[in-house]
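Sequences are here, hints too, so could you generate the full structure?
If you read the sequences in order, they're chains A and B. Mapping of the first sequence onto the numbering used here: position 153 corresponds to residue 153, and the numbering continues sequentially without gaps. Mapping of the second sequence onto the numbering used here: position 60 corresponds to residue 60, and the numbering continues sequentially without gaps.
Some hints here could point you the wrong way.
No copy labels: a pair is met if it fits in one copy or bridges any two.
As the list claims (entries may be wrong) - Heads up, simulated DMTMM-like pairs for lysine to aspartate or glutamate below, C-alpha to C-alpha not over 25 Å straight-line:
hint : residue 1 : residue 2
1    : LYS251    : GLU169
2    : LYS223    : GLU84
3    : LYS153    : ASP79
4    : LYS67     : GLU6
5    : LYS74     : GLU250
6    : LYS134    : GLU149
7    : LYS134    : GLU84
No lab work stands behind these hints, which were simulated from the structure alone.
Protein chains: 2
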Amino acid sequence: MAKKIELIGLETIPEVKKGDDIGELIVKACRRENVSIENGDIIIVTHKIVSKAEGRIVNLNNITPSKRALEIAKYTGKDPRLVELILKESDKIVKLSKEGHIIVKTIHGIVCANAGVDSSNIAGTEEIVALIPKDPDFSARKIRLRIKELTGKDVAVIITDTYGRPLREGMINMAIGISGISPFRDYRGKPDLYGYTFRVTVIAVADELASAAELLMGQGKEKIPIVIVKGCYYKRDEKASAKELNMPEEKWLFK
Amino acid sequence: MAKKIELIGLETIPEVKKGDDIGELIVKACRRENVSIENGDIIIVTHKIVSKAEGRIVNLNNITPSKRALEIAKYTGKDPRLVELILKESDKIVKLSKEGHIIVKTIHGIVCANAGVDSSNIAGTEEIVALIPKDPDFSARKIRLRIKELTGKDVAVIITDTYGRPLREGMINMAIGISGISPFRDYRGKPDLYGYTFRVTVIAVADELASAAELLMGQGKEKIPIVIVKGCYYKRDEKASAKELNMPEEKWLFK
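See below:
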């Protein structure tokens, strides 16, 4: 009767610096805040602190824009140095607009604005920006293994970023790196309440978990970079990658 | 220290029939399952039970397809009677494919496949399908006012449906009707951790809440049509509509 899921936001993670051990920071914050880590917990981490720990922070003053970056900057009205970084983080440009949109497919295969390059919640001027971690699945795995080492517990880890969406207003938090969890809950071939068999329903549970975590993380002064989810069923998968969430281009209906 | 959000899934909502009072069913289930309803709770309701209560259930055998429906059915390979219903529920067709995709803008302004017409989790044959409630904001408001009447508590209500997404694999649960809650958390003009002012960040918190609820609701035999969210900050808004989440066509980058 009355199933429960608990979302717990850690509030004492210190300012993260290059070289910091995120797994250890999580375990220590849990101890401080009296939160137990248990087998089957899902630990959701905003990519911003991972980028900081991995040194994926760039000062725009150190960037020299290429000719192509200068052209795109002129067309979109964006800072040419920022455009240069976006190009470096991208496999291809999907869409440009005079209103300042640069939609790309990132080196990780995510279709998003500005290749995820972002200047919020980083110390320093607006010229200090964060890139998405180089391999967010690997970052998630590292955190997961470190937590296992420190606590003996087997958790899943999801690394997230917040993006806008085609056709829908407002941004939501999505999964960009995962470890130990399938990104999907697959109902295909399973019966519903009345024995009808689902033909197409696959739920992007990793994205739903990311969105749930955002309710606590917030974008501003909330200072909650980590959310622990307890009581949520998920399919364990050692080989899963958040890249499975990126729809292959040949399946795009909207271009 | 350690902020918490709790998601509680009600497991004793009975089979819903036309004319049923969803607000009352929620309050009774809460009593049975020892769940208190408090001011500020957010009650998330899958649209399927609302559609059942409002009699938005259709037997395809009673539908005569129009000439246009027959043409589209031939092109997409879909049941012509289903196509007829989809057309009736739509303002316009956004995209058709030979692979069976019918993407429309519904009468509510939502861009989605099949106008949300769906045959899962309804008693009877596969020919019995559910439509989205006619006015999901109004349905949400009715449930909210009834809960206020029965308990004296002021809650927010969100009605949800599960949709696929452009460019991203897997479906997620989204808000299609709301009452008492702004669909957005707006950070524009607010400072981040370091005093940087957000220029564009608006979070679609109603969609994130819908996704969070889906973690408990599931799609199959979970039998959890209602999730109560406790401890989540939201902006109260008497006039808000889920229609604010539909991006106006002139802003579409992907078409």
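State the violated hints by number, sorted upward, taking the hints as numbered earlier in the document. When the structure is compared with the hints, numbers 2, 3 and 4 turn out to be violated.
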